Each structure stands twice: as structure tokens, then as C-alpha cells.
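Could you build the full structure based on these sequences and the hints that come with them?
Here is how the chains run, residue by residue.
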Amino acid sequence: MQFSIHRIWLLIRKQWAENQQLYILGTLAIAGIMGAIIVFNMSSRLGLETRTQQFILFGGAIATGGVFTSTILSQFNEKVKGIQALTLPASALEKLTVAVIYCMVIFPIVYFVMVYPLIMIGHYIDNNIAHQPNTLYKLEWDDNANDLFVTYFMLQTVALLGSVLFKRYVFIKSLIMVIVVFFGLRIINPIAAKYIIDTDVKTGFDVKVRETVYNEANKPIYKETVKAHYIQPNVDAYPYADMVVHYGGYNKYVKGASYSTSQTKLHHQYNTLFLILLYLGMPFLWIITWLRLKEKEL
Amino acid sequence: MINIKNLTFGYRPKQMVLENLNLQIKPGHIYGLLGRNGAGKSSLSHNICGLLFPVSGTCQVSGEIPAGRDPKFLQQVYLLPEEIYLPNVSIKSYLDIYAPFYPAFDRDMFYRFILEFDIPKEHKLQDMSYGQKKKVMISFALATQAKVLLMDEPTNGLDIPSKKQFRKIIAGVIKDDQLIIISTHQVKDLDSLIDYVLILEDKQIILNQPVENITEKLAFKQVINLDEVASPIYNEGALKGYAVVAINHKKENSRLDMEMFFNALLSEKQLVLSQFN
Chain A
1 MQFSIHRIWL
11 LIRKQWAENQ
21 QLYILGTLAI
31 AGIMGAIIVF
41 NMSSRLGLET
51 RTQQFILFGG
61 AIATGGVFTS
71 TILSQFNEKV
81 KGIQALTLPA
91 SALEKLTVAV
101 IYCMVIFPIV
111 YFVMVYPLIM
121 IGHYIDNNIA
131 HQPNTLYKLE
141 WDDNANDLFV
151 TYFMLQTVAL
161 LGSVLFKRYV
171 FIKSLIMVIV
181 VFFGLRIINP
191 IAAKYIIDTD
201 VKTGFDVKVR
211 ETVYNEANKP
221 IYKETVKAHY
231 IQPNVDAYPY
241 ADMVVHYGGY
251 NKYVKGASYS
261 TSQTKLHHQY
271 NTLFLILLYL
281 GMPFLWIITW
291 LRLKEKEL
Chain B
1 MINIKNLTFG
11 YRPKQMVLEN
21 LNLQIKPGHI
31 YGLLGRNGAG
41 KSSLSHNICG
51 LLFPVSGTCQ
61 VSGEIPAGRD
71 PKFLQQVYLL
81 PEEIYLPNVS
91 IKSYLDIYAP
101 FYPAFDRDMF
111 YRFILEFDIP
121 KEHKLQDMSY
131 GQKKKVMISF
141 ALATQAKVLL
151 MDEPTNGLDI
161 PSKKQFRKII
171 AGVIKDDQLI
181 IISTHQVKDL
191 DSLIDYVLIL
201 EDKQIILNQP
211 VENITEKLAF
221 KQVINLDEVA
231 SPIYNEGALK
241 GYAVVAINHK
251 KENSRLDMEM
261 FFNALLSEKQ
271 LVLSQFN
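Each protein sequence line maps, in turn, to chains A and B. Quick note: the first sequence uses my numbering, first residue 1, plus one each step. Quick note: the second sequence uses my numbering, first residue 1, plus one each step.
It should be emphasised that the hints constitute simulated quantities derived from the structure, not laboratory data. Do not rely on the hints blindly, as some may be mistaken.
To be verified - From the structure, some residues in chain B lie toward chain A, with a derived Cβ separation under 10 Å:
(1) His46
(2) Ala67
(3) Pro81
(4) Ile84
What the hints assert, rightly or not - In silico lysine-lysine, DSSO-like type, Cα no more than 30 Å apart, as pairs:
(5) A:Lys79 / B:Lys72
(6) B:Lys147 / A:Lys81
(7) B:Lys168 / B:Lys147
(8) B:Lys164 / A:Lys81
(9) B:Lys133 / B:Lys92
(10) A:Lys255 / A:Lys223
Remember, predicted model here, so these are calculated numbers, not experimental data. Glycine included, every Cβ here is placed at the ideal spot set by N, Cα and C.
Written out as C-alpha cells, the structure is:
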């Protein structure tokens, strides 16, 4: 396996030198489009809400990043450019590393550095001129941001794979691949869950439930493990979501106050393991992309 | 240097372009690869530089398997395709981007060829004519000092003076440890340059001979009447009489006419090949 930092640097320089005009114009175009989206949302009744800011920031990153990533290895799919790309003295691993650096490091940095200030400006106008009481979305590392970043990197990884799997219409075909996988899992997962849990709707099933009572500040004040009997389990779960079982309407008195149950989450004790497997899916797809690039013929 | 054994290659499973092809090539020579359209010349070149992989058989270049596309291998094998891609940068920028990938790249040599080809150095590559771009790429290919240089129709797009310059440059640049394979239909441009002839026909290399062997076995003549020639193999009507390829019984000296030879071989394959076996 050949890997040279010097050649990586040469490839990064080559990518920039050959595409700088396109990248500068593309960056300006993204700024223009995102600016227009921000202005459009500011004119809505509730102005530029915090959730909208987050959606614009990450939704834009995923969409524009997908387009960018699907073009990064496109020269390997064209005959004339492909000859030069494939015979350039650098290993497939080095060529892929440079593509990953551009898509997963340089692009998101440039995007966030450019679009976040636009959101800040939009929020300032929304707040101080339009007098909307919205708060600025802050880039903080919470579960939500984590999920969005994982989604971003996962989709870029799939787009990168698509760019070496398909010769033409790379973006469209990659998008179709993502949609097929997403809806495939969405359809298969509840069926698999029902099959695994094997619940009988007529007779129900007995389980132990760890009940937690929360106060108004959403802090747990009481915990108890009780036996319960479920009649109608809802196993329509998304992949990687905790399974939710209907358990609504039961009342309980704790410290003189009446509390009612809403739902029960079946939290798998190995959830973290499955999440790690999901994260490992990215380097796994990079390896497939690398192998495909190694085997790529003209 | 190049050792190909029983190489079979095809773009579709049941349509082979090359079948059980064998070829051994030594360094220090310029090889002319001739063949009809679609005979598989480009496929063979692409197998040699690792752009295509054989279905079966082996291909070794300097002891390495091209399909591995190892950077060290790619530094030693340069393919100049017929259609070239050049980014929208100046010659200097192009050198800054690409030359560092080739450790033996000689910038002085490159600029010497650019000067000989009369290319304006300050122009952007995209602003140049096809012929000028081709000359830049020929200069670049030679300056890499790759051990194996594969050129596909290198004189396409070159004007008449440039073809002469090309021949002069190539003849002067080749070293004992280098080899050049030129795949072309423009044989008249290069017949004074090539010292080995490779002919690809029926999915195989059917002839691999040095030029002096060909002119020793066959005579290339211009005659008024065909009766003047003993054992003619092939003739074509010329302005005054005939151009003839004949068996060289008398060991006469003649200059190889590559086009005549190729046509003679295609029309009288067994008879021509039997002269070399």
C-alpha cells in the first residue's frame, strides 16, 4: 500500500489549481442561494426561527456537499480526463484521501465559515429590524448537532462511493441509492421488529417497566420498576430509534401529585454498540470506494 | 522490458479484442504499432500502462504488473493519448502541478522542446490550438524521462514542419534504457523513425520485426512494368508505373515503405509472414 504525504500535498494543490475558478464561483453561488433562502424565511410570519436556522445551515450543507462530493472523482468516469487521472503517479489510496479531505474537511469548513455569518446577519436583521423574538442558533455539540453531522458525513460518504460506482448521472443515481436504502430500512425495520418481538395483539404480553417520574423542570424525581401488561405494542420504529410502546393514560400519585404515563421507550442496552457500528460504516464505505477506485478501468 | 504472455482482453465477456497475445519488447528502440481501426492497438497500450486489466494471461512491464498501478510504476510509464485533456492554466503552472509527480522530470529538456516547437510559453493551455497543445504534451511526455513511452497518434494535429521537428526530437532523445511505442495510422510521418514494426491483426501481434530484417527479406520498388520485378507480392498503381513489394532474392537495398508493407501484409498475409519464419 503506497501512501506519501508529499504526493497527498501535490494532489491537493493540483485539485485546487485546476478547479480554483469553478470553486470560487461555486462558493459565491452557494452564498447567493443560501442568502436568498435566509431572506425568504425571514419574511415568514414567525421570522427566522432557531430551528429554521439550524435546518438551513445543515440542510444546505448536506445538499450542496452532496453535489460537490459527487463531482470530486468525476474525472475517473470520463475517458480523456480518466487517462490522466488513472495514470497520474499516485496510489488509489492517496487519490481517495485527497477526495475525502476536500469533501469532509475543506468543503464543510468553507461552507460553515461562509453560511453561518449569513445566518448571523439574517438573525440580526430579523431581531433588530423586524423585531422577531427569535434566538440565534448556536453551533453547540449536542445530540441534535451530532445527528446532523453524522448524517452529513454519512451522505458525503455515500456520494463519494456513488461517484466511483456510477459513470453517468452520479448525483441522481447516488440520491436514488440513498432513498432506496432509507425507505428500504424504513419498511423492513418494523417488520423485522415485529418478527423479533413476536407480540400477540389479542393477549398482549407482560413486561417489567422502569418508570421515571419527572417534575416540571424535566428532572427525574422518582423511579420504580413495575410489572405491566401491554395490549397494543407499537413497533413501528425507525432504525436506531428507541422502540416506543404505547403505555398512555395510567395515573400514578407521587408525593401528593398525580402523574400520567405517556409512552414507554424500549431502550436497548447495546444501543451504543450499534451506533459505533453505524459510525464504522463510514470508513467501511471508504474502503469499498478505495477498492473500487483501485479496480477502476478506463 | 515488456513481457506479455497469452494476454486476452475484451470489453464484453464474449467479445475479445485481444486473444492469447504474446509480445516481448526490449529497451533502446522505437516501435511502430500498426493495425486496422478497431484492431486493439489502444487496448494493448492501455493494458501496458494499467488503464485496462487483462481477462487472462500476464502483462509485465519492467517486472511489474501494470494493473497494480503502483506510483513507482506509473512514474516509469507515460501514455500520451490521441485526445488530451489540459486544464485552463499556463505552461508554467502545468509544470508546477504535474512535473513533481515524476522524479526524473527534466525542466530544461521540456523548455528546450517547447522552444524547438515554437510554443509561446506565456499562453494559457486552453487558448492554444490542438496542434500546440499536442506539442506541449509531447514535450512533457519526453521530459518525464519515463522508461516506457506510449504514444497514440502523436503526429495527429501537427503541421508539416512540426512533424519534422517531432522526428528529430524523438530520434535524439531515446536512451538505451528507454523504449517508445508509437501507435499510428500516419505511417508516412514516422517510417524513418521507427526501428521495429509491430503489427496487430486477428487479436494478436502477427509481426514483430526490426526494419532492417524487413528490408532484407522484402524489396520496395517503383517500376514502370510489373514484369521488371521477380516474385512480386503486392503492387499499387502509382503516377508513373507501380509501387511494388517483392521478395528480396537479390538482397537489394531499399527503403521500407511502411504503408506498402502494411497493405502487402494484409492482402498476402501468409506469403509475407512466411518470409520471417
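**Interface hint outcome for Ile84 of chain B [beta carbon to chain A under 10 Å]** = Cβ of Ile84 of chain B sits 7 Å from chain A, so the hint holds.
**Hint check: 10 Å Cβ-Cβ cutoff, Pro81 of chain B to chain A** = 5 Å, holds
**Message:** Holds or violated: Lys79 of chain A and Lys72 of chain B, Cα atoms, limit 30 Å.
**Reply:** 23 Å, holds
**Prompt:** Is it true that the CA of Lys255 of chain A sits at most 30 Å from the CA of Lys223 of chain A?
**Reply:** 12 Å, holds
**Request:** Assess, step by step, whether the Cα of Lys164 of chain B is no farther than 30 Å from the Cα of Lys81 of chain A, and give holds or violated.
**Result:** Status holds; Cα separation ~29 Å.
**Message:** What's the verdict on Lys168 of chain B and Lys147 of chain B, does the C-alpha distance respect the 30 Å limit or exceed it?
**Reply:** 19 Å, holds
**Message:** Between the alpha carbons of Lys147 of chain B and Lys81 of chain A, is the straight-line distance 30 Å or under?
**Reply:** 23 Å, holds
**Message:** Please verify whether Lys133 of chain B and Lys92 of chain B have alpha carbons no more than 30 Å apart.
**Reply:** 14 Å, holds
**Hinted contact Ala67 of chain B with chain A - closest CB pair below 10 Å** = 9 Å, holds
**Item:** Restraint satisfaction for His46 of chain B [CB to CB of chain A, less than 10 Å]
**Value:** 6 Å, holds
Violation of the numbered hints given earlier is absent; every hint is satisfied by the structure.
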